[in-house]
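*Asks:* What follows is each chain in one-letter form.
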Amino acid sequence: MIKENPYMPIEARLEELIEETPTIKTLVLAPKEPIEFRAGQFMQLTYPGIGEAPFTPSSNPNQPQRQEFTILKVGKVTDKLHDVRPGETLGLRGAFGKGYPIDKFYGKEILLVGGGVGLAPLRALMYALFNEIDKFPRISIKYGARSPNELLFAGQYKKWRSMAKVDFTETVDAPVNSWQGNVGVVTTLLDNIDIDIKNAYVVSCGPPVMLKFVTQKCLGLGFTPSQIYLSMNRKMSCGIGVCGRCNIGPYYLCKDGPDMCYEKIMKYDNVF
Amino acid sequence: MEPEVHFLKHTVLPDFLGIVAGDHLYGTVSNSSGITYEKLSRGAFGRVILGDLPPIESIKSFMFPAREQVAVFPQPDQAESLLQKEFSQTIAGARACDISALGILDKVFIDGDYADPFYERRRRQTVLITTDCVKPAEYCFCNLLGGKPFPEQDFDINFSPVQDGYLAQSGSSKGDDIIAQAKELLTDATADQLEQRQKNRQSAMDKLKEQNRQFEGDVAKKGKKSQFHLLKDSKHNSANCVECGACSYICPTCHCFFLFDQRGKDDPEKNIRLKTWDSCIMANFAKMGGEGAKPTPRPELRNRFENRVRHKFEWMVENLNVVGCVGCGRCEAACMGGSDIRGFLKEIAL
Chain U
1 MIKENPYMPI
11 EARLEELIEE
21 TPTIKTLVLA
31 PKEPIEFRAG
41 QFMQLTYPGI
51 GEAPFTPSSN
61 PNQPQRQEFT
71 ILKVGKVTDK
81 LHDVRPGETL
91 GLRGAFGKGY
101 PIDKFYGKEI
111 LLVGGGVGLA
121 PLRALMYALF
131 NEIDKFPRIS
141 IKYGARSPNE
151 LLFAGQYKKW
161 RSMAKVDFTE
171 TVDAPVNSWQ
181 GNVGVVTTLL
191 DNIDIDIKNA
201 YVVSCGPPVM
211 LKFVTQKCLG
221 LGFTPSQIYL
231 SMNRKMSCGI
241 GVCGRCNIGP
251 YYLCKDGPDM
261 CYEKIMKYDN
271 VF
Chain R
1 MEPEVHFLKH
11 TVLPDFLGIV
21 AGDHLYGTVS
31 NSSGITYEKL
41 SRGAFGRVIL
51 GDLPPIESIK
61 SFMFPAREQV
71 AVFPQPDQAE
81 SLLQKEFSQT
91 IAGARACDIS
101 ALGILDKVFI
111 DGDYADPFYE
121 RRRRQTVLIT
131 TDCVKPAEYC
141 FCNLLGGKPF
151 PEQDFDINFS
161 PVQDGYLAQS
171 GSSKGDDIIA
181 QAKELLTDAT
191 ADQLEQRQKN
201 RQSAMDKLKE
211 QNRQFEGDVA
221 KKGKKSQFHL
231 LKDSKHNSAN
241 CVECGACSYI
251 CPTCHCFFLF
261 DQRGKDDPEK
271 NIRLKTWDSC
281 IMANFAKMGG
291 EGAKPTPRPE
301 LRNRFENRVR
311 HKFEWMVENL
321 NVVGCVGCGR
331 CEAACMGGSD
341 IRGFLKEIAL
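Chains U and R, in that order, give the protein sequences. Be aware that the first sequence starts at 1, since it is given in the numbering used here, and climbs by one per residue. Be aware that the second sequence starts at 1, since it is given in the numbering used here, and climbs by one per residue.
One or more of the hints may lead you astray.
[To be verified] Okay, the calculated bits of chain U under chain R, using three or more residues with CB under 8 Å as the criterion: (1) 66-78; (2) 177-186.
[Stated by the list, open to error] Here are the simulated EDC-like cross-link-like pairs (lysine to aspartate or glutamate), alpha carbons at most 20 Å apart as the crow flies: (3) U:Lys267 with R:Asp261; (4) R:Lys85 with U:Asp79; (5) U:Lys80 with R:Glu314; (6) U:Lys76 with R:Glu291.
[Claimed, not checked] Away from chain R, derived, C-beta distances all over 10 Å, residues of chain U: (7) Thr46; (8) Ile50; (9) Thr89; (10) Gln216; (11) Ile248; (12) Asn270.
Think of the hints as simulated: they come from the structure by calculation, not from any bench. For every residue, glycine included, the Cβ atom is placed at its ideal position computed from N, Cα and C.
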């Protein structure tokens, strides 16, 4: 819900702080008023007096009373957000953006490709897809992290793997000696992929360089640009398409995205 | 029906403005900077100059100030009161290009999915007194974008200089009320005076046509299909840009801003959010947090220059069905690198 003053956040109390990896924490927030969101929509999270930054919740979209934000520590605002203690008050504005076009995905195989903290928005999408699992023939999830201790939501993999019609595979770039799993960047998991490419959509979220190589790989596998959805990264401020910051060509990611069909943005410079 | 046109003697302009504005207004005056806006109290209304050279700045900042408090957090009652404070202002001296630019800003700030209540409040609570451009500046090119050097709509009162005074015309119901209240000061315009106004307007249009003859290319209609890729090799490119941002700040339609949070000066528990002007030409404008993994998406100056130009002439047309430039030429006047938007537009227009 958007208040009359779109720049004014809703107060949100930190319920719990979960340490996910050495660099990633999940903030469980309870906003004063329920906030509805669709998977892929984002919110501006305010650290009072310091600033705000956009995050897509990583929690199930059917919980308007309580949202989880899974955040990598990278800069001024996220440094502060990693130091918040339960009971403290933060601010939330939103939800903004279009969200993933789930209706369009009905009846299709869905390939999710995540990198690093990019699994966070994808988890909200996974919950949304799992909520209607009968509508999808298959959900295949490929995930890459830098190292085994940076694997996000590792405690849930077993459950996801056990679900009918769902498969989950992870890989790491830099293994340690005890690591028995896949090694390599996430695109290596797309080699020899068993998927009905003509009847599938790819959704990817991760750092820009990963999105670039995932896109190239998928195009090489035979996906068309219209089958590829990317969670694009841009700096945002207003969230409502007026501050002029997050555009790719004529599209404002805050309003028209942040997930964009590759077909729409491919003709513009510096997409990745 | 022809609109009623009235004559106001030069000597009673301050009285007229007093009826409109009460105790103070923002009016165009001549000072050491040139023609520019000053906040005037009633005793100084006589300093208002109408019809001369266009003012250095547009009226953007009266609707969209360079810095405005838009939230206090977490004290929502205070934030609401930001919008409930009583507000009204009178602006005297705005030009036709400024009015057209407000039409564009309205599309951005009011007509979108979420209206900006701060802009909207200022916009609704403003009395706009406009004037003809009797002397267009050498950098003016409103005619290339379908504009004229005199306002025809979207003003409250317009003043056209004639011998010994002004012809005043209402453009709104607010304007009609003002004319009714100021009846004692006005006489009916004579045929001679109307002819004088027509002559002045024609001569301003002739001047604009003459000084822009070499740039004609109907950019307004063809902007969307223009050859923006030529920008990269154009001699009118970003080579002389020093990223000062003056073009954006002086531009009557540039609307980029940043929501800047800070702790209150007197009360560290009070967190303030300011909506501050920003410029897409600056290197850090779209720079993301973190190093390397999320670099700025427009790393080179030429990328940002292209973004600024295409936003106005291509993407605003796609998104809002309007060209984001009114031809006021202030960006050329303000640019220390001698940017030449007219030359550039001629080059890319098909």
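*Asks:* State for each hint whether it applies.
*Replies:* Verification of the supplied hints:
no., hint, in the structure
1, 66-78, "holds (count 6)"
2, 177-186, "violated (count 0)"
3, U:Lys267 with R:Asp261, "35 Å, violated"
4, R:Lys85 with U:Asp79, "36 Å, violated"
5, U:Lys80 with R:Glu314, "39 Å, violated"
6, U:Lys76 with R:Glu291, "12 Å, holds"
7, Thr46, "7 Å, violated"
8, Ile50, "6 Å, violated"
9, Thr89, "6 Å, violated"
10, Gln216, "18 Å, holds"
11, Ile248, "8 Å, violated"
12, Asn270, "5 Å, violated"
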